[in-house]
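**Q** Take a look at the letters that make up each chain.
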Amino acid sequence: MAKVLMKGNEALAEAAIMAGCRHFFGYPITPQTELAAYMAKKMPKIGGVYLQAESEIAAINMVLGASAAGKRAMTSSSSPGISLKSEGISYIAGSDLPAVIVNVQRGGPGLGGIQPSQADYWQATRATGHGDFHLMVYAPSTVQEMTDLVALAFDNADKYRMPVMILSDGMLGQMMEPVELKTANATDCPIEKPWAACGHRNSRPHNVINSLYLTPQALEELVKKRYEKYEVIKKEEQMADEYLTDDADIILVAYGASSRICRTAVNTARKEGIKAGLIRPITLWPYPAKYIEKHIAHAKAFLCVEMSMGQMVDDVRLCVNGRKPVAFYGRTGGIIPAPDEVLNEIRKLTGGVK
Amino acid sequence: MAVVFQKPQALLDVPFTYCPGCTHGIIHRLVAETIDELGIEGHTVGVAPVGCSVMNYNFFACDMVQAPHGRAPAVATGLKRAIPENIVFTYQGDGDLAAIGTAETVHAAVRGENITVVFVNNAIYGMTGGQMAPTSLPNQVTQTTPYGRDTSYSGHPIRVCEMLATLEGTALAQRVSVDNVKNVQNAKKAIKKAFTYQIEKRGFSIVEVLSTCPTNWGLDAQESLQWLRDNMIPYYPLGVYKDVGGTTK
Amino acid sequence: MSTLNILLAGFGGQGILFLGKMAAYAGLMDNRQITWLPSYGPEMRGGTANCSVCISDDLIGSPLVINPDILVAMNLPSLEKFIDKVVPGGTVLVDCSIIDKKVHREDINVFYVPATRLAADNGLPGLANMIMLGKMLKETKFCTENALEEALLKCVPPRKADMMELNRKALKIGSEL
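Just so you know, the sequences run in chain order A, B and C. Letter 346 of the first sequence, counting from 1, is numbered 345 in numbering that gives the first Met the number 0, and no numbers are missing. Letter 135 of the second sequence, counting from 1, is numbered 134 in numbering that gives the first Met the number 0, and no numbers are missing. Letter 75 of the third sequence, counting from 1, is numbered 74 in numbering that gives the first Met the number 0, and no numbers are missing.
Keep in mind that the hints are not guaranteed to be accurate.
[Said to hold, decoys possible] When the alpha-carbon atoms are kept at most 27 Å apart in a straight line, the in silico BS3-like pairs for lysine-lysine are as follows:
| hint | chain 1 | residue 1 | chain 2 | residue 2 |
| --- | --- | --- | --- | --- |
| 1 | C | Lys140 | A | Lys2 |
| 2 | C | Lys153 | A | Lys181 |
| 3 | A | Lys223 | A | Lys289 |
| 4 | A | Lys2 | C | Lys159 |
| 5 | C | Lys153 | A | Lys2 |
| 6 | A | Lys41 | C | Lys159 |
| 7 | A | Lys44 | C | Lys140 |
| 8 | A | Lys41 | B | Lys200 |
| 9 | A | Lys40 | A | Lys2 |
| 10 | A | Lys40 | C | Lys159 |
| 11 | C | Lys153 | A | Lys41 |
| 12 | A | Lys40 | B | Lys6 |
| 13 | B | Lys191 | A | Lys44 |
| 14 | B | Lys6 | B | Lys181 |
| 15 | A | Lys224 | A | Lys181 |
| 16 | C | Lys140 | A | Lys40 |
[As the list claims (entries may be wrong)] Residues of chain B placed beyond 10 Å of chain A at every Cβ, according to the derived structure:
| hint | residue |
| --- | --- |
| 17 | Pro14 |
| 18 | Gly24 |
| 19 | Val44 |
| 20 | Ala47 |
| 21 | Phe59 |
| 22 | Asn85 |
| 23 | His106 |
| 24 | Gly128 |
| 25 | Arg158 |
| 26 | Thr195 |
[Unchecked claim] Here are some, though not all, of the chain B residues that point toward chain A, as calculated from beta-carbon distances under 7 Å:
| hint | residue |
| --- | --- |
| 27 | Cys61 |
| 28 | Pro67 |
| 29 | Leu78 |
Everything labelled a hint here was simulated from the structure, so no lab data went into it. Glycine is no exception: its CB is placed at the ideal position from the N, C-alpha and C atoms.
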């Protein structure tokens, strides 16, 4: 299929439809609105459901309902809206339901701003709602990846029966790049879901979708079982992209929009004779620790770059665990760092020496 | 020998966990009888709320989904839109439906969402131990209105059926009670009508059932029923507030 | 060749984003890497619109153009905001039927194009953007002529087929200035 120019938000929406998503529940918020608008335009023509909910809270619970019925369901929002969805995401996780949630991040806290940001990393990887649970989190860095990862997100949501987040940002959502849409599953229920609350048709005992366990032992047992699944995911699903890391002295770690800026900075640093490289996490949970681990011996220092005051840097430090220095550079509030700013940080770390 | 009374098929053979004298059991039975009589158990999905009836997924034999507090109508919307031929009902208390879930309730009605809501109004938060509900009566003493509900301070009770009757999407809004045999029979008719309207794709249907909470009202079963008659029915008159197929009160 | 950074700026309604989309598609038709990033949010409704387009043979890092190689300014606030950011040796196209101010930098190439007036004079309302694009092609050769024609086929929807000839005419006027 020929490449077409699409906005990240629209490309993601189209890819979700191609991945079999026929149930989308949304609420307007900048800078993700094109995604919902695209769904509103497309879904009625293909027998799908687009419904504008009365709030982000209602939207995520409609996703819970549609997913409970066995369907591939999705919602999207931007930072303040994800806070509202947190409750529902926790229930979805606690009910072992698949779902795909898109966060096109903007600056925060509070109403914040509407320009691109990566300040929801902690929220996505640590605390998208109450309780012991994880989401799988994918961080695309190109419009192409916005589309490729959404199919993977749906597949893994179904496979592991858990919510999966695409953590994007205003830059990736709004920008156009050439994209090739790859045909994926065209059905909205590609795998058997014998657990679904879709009506027992008098042919099996009733199914119950539930997250309430009043007996502590029962709840502990269930949560522990879920954590065994998380261990499998940590082993199987780590994804990262490496660029010029093999001989690198300075290894940058950045995801999504900021990784693009870092790549430019790495190229310029290499021209100056500085051996810089880049690890770009594609999964933020599970964190791609093994990609960092293999470079700890030869790297002299790590530099984590984010469009935040420093959130993912916690995970980099956990991986490095004191064995090498880990520096941080970030811009926040909706500012995209310039490649030169990052280059300066690289120079500082090398002490100006080549 | 002819069987004249038995457990509805749509109720599982497990004991209820409700307090003695509470009318949840009667209301569950009316819903289950309706499901039996309409022959819809196999394609019915119920949504349990947060509150005393949170574990009703253990009682109803149809598929069940437990919703976050107040969000049952949104969860039901997702279930219904996913499989429109299924019959979807929510079973919600007053705190769930008329406080934390007001937006979800009103907008499900606004959309004319083709679901059925069984709304159990007992004027108090039962599960958490007897706090003020949005439907607690003026001067009613609860754990969080120990000097009685002061309407100038805590606001007035919500009359849900009257409010929802103003919306285009509402097909049926009816208030019933289960305090005596005649009222139980009327309640059954209303619940059956609400489910029938859903089968006929007529839109949002809600049946508000005035109910008792002996434990938190501090009364015995008999006194509770009398308190309901003396205090709740005058404030929440029984009747049909909207019926697209019948007459509006 | 390294990355060509293009910044297009003007009022909402002047077709700035469309101009950017045409430039981006032309780059794509030349089989090059491209990005297109609009300004968004309330500022779009408040009057100004701008759009970053990058065309490169390599993967593009930041799609946000801070120091453009090419600046197309279609109103005074845009010119004033971005003129000092243009890289030395860069190219600036000014719609001089809207902006009567001259550029005082000596280290860049400035072209004054009366695009809005020419569009009006030639019965091409709303196509000043395409006149600027034609001129941009002539002065910078940012894409091949064939790619621009192919971009037009991609960007003008079939239901607006009558617009095709008008767009071609506007591009021609620009490229012959």
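**Q** Hints first: check each against the structure and report whether it holds.
**A** Verification of the supplied hints:
| no. | hint | verdict |
| --- | --- | --- |
| 1 | C:Lys140 x A:Lys2 | 23 Å, holds |
| 2 | C:Lys153 x A:Lys181 | 20 Å, holds |
| 3 | A:Lys223 x A:Lys289 | 24 Å, holds |
| 4 | A:Lys2 x C:Lys159 | 22 Å, holds |
| 5 | C:Lys153 x A:Lys2 | 11 Å, holds |
| 6 | A:Lys41 x C:Lys159 | 21 Å, holds |
| 7 | A:Lys44 x C:Lys140 | 42 Å, violated |
| 8 | A:Lys41 x B:Lys200 | 25 Å, holds |
| 9 | A:Lys40 x A:Lys2 | 22 Å, holds |
| 10 | A:Lys40 x C:Lys159 | 19 Å, holds |
| 11 | C:Lys153 x A:Lys41 | 20 Å, holds |
| 12 | A:Lys40 x B:Lys6 | 49 Å, violated |
| 13 | B:Lys191 x A:Lys44 | 35 Å, violated |
| 14 | B:Lys6 x B:Lys181 | 20 Å, holds |
| 15 | A:Lys224 x A:Lys181 | 35 Å, violated |
| 16 | C:Lys140 x A:Lys40 | 38 Å, violated |
| 17 | Pro14 | 16 Å, holds |
| 18 | Gly24 | 19 Å, holds |
| 19 | Val44 | 5 Å, violated |
| 20 | Ala47 | 8 Å, violated |
| 21 | Phe59 | 7 Å, violated |
| 22 | Asn85 | 5 Å, violated |
| 23 | His106 | 4 Å, violated |
| 24 | Gly128 | 15 Å, holds |
| 25 | Arg158 | 21 Å, holds |
| 26 | Thr195 | 18 Å, holds |
| 27 | Cys61 | 6 Å, holds |
| 28 | Pro67 | 5 Å, holds |
| 29 | Leu78 | 4 Å, holds |
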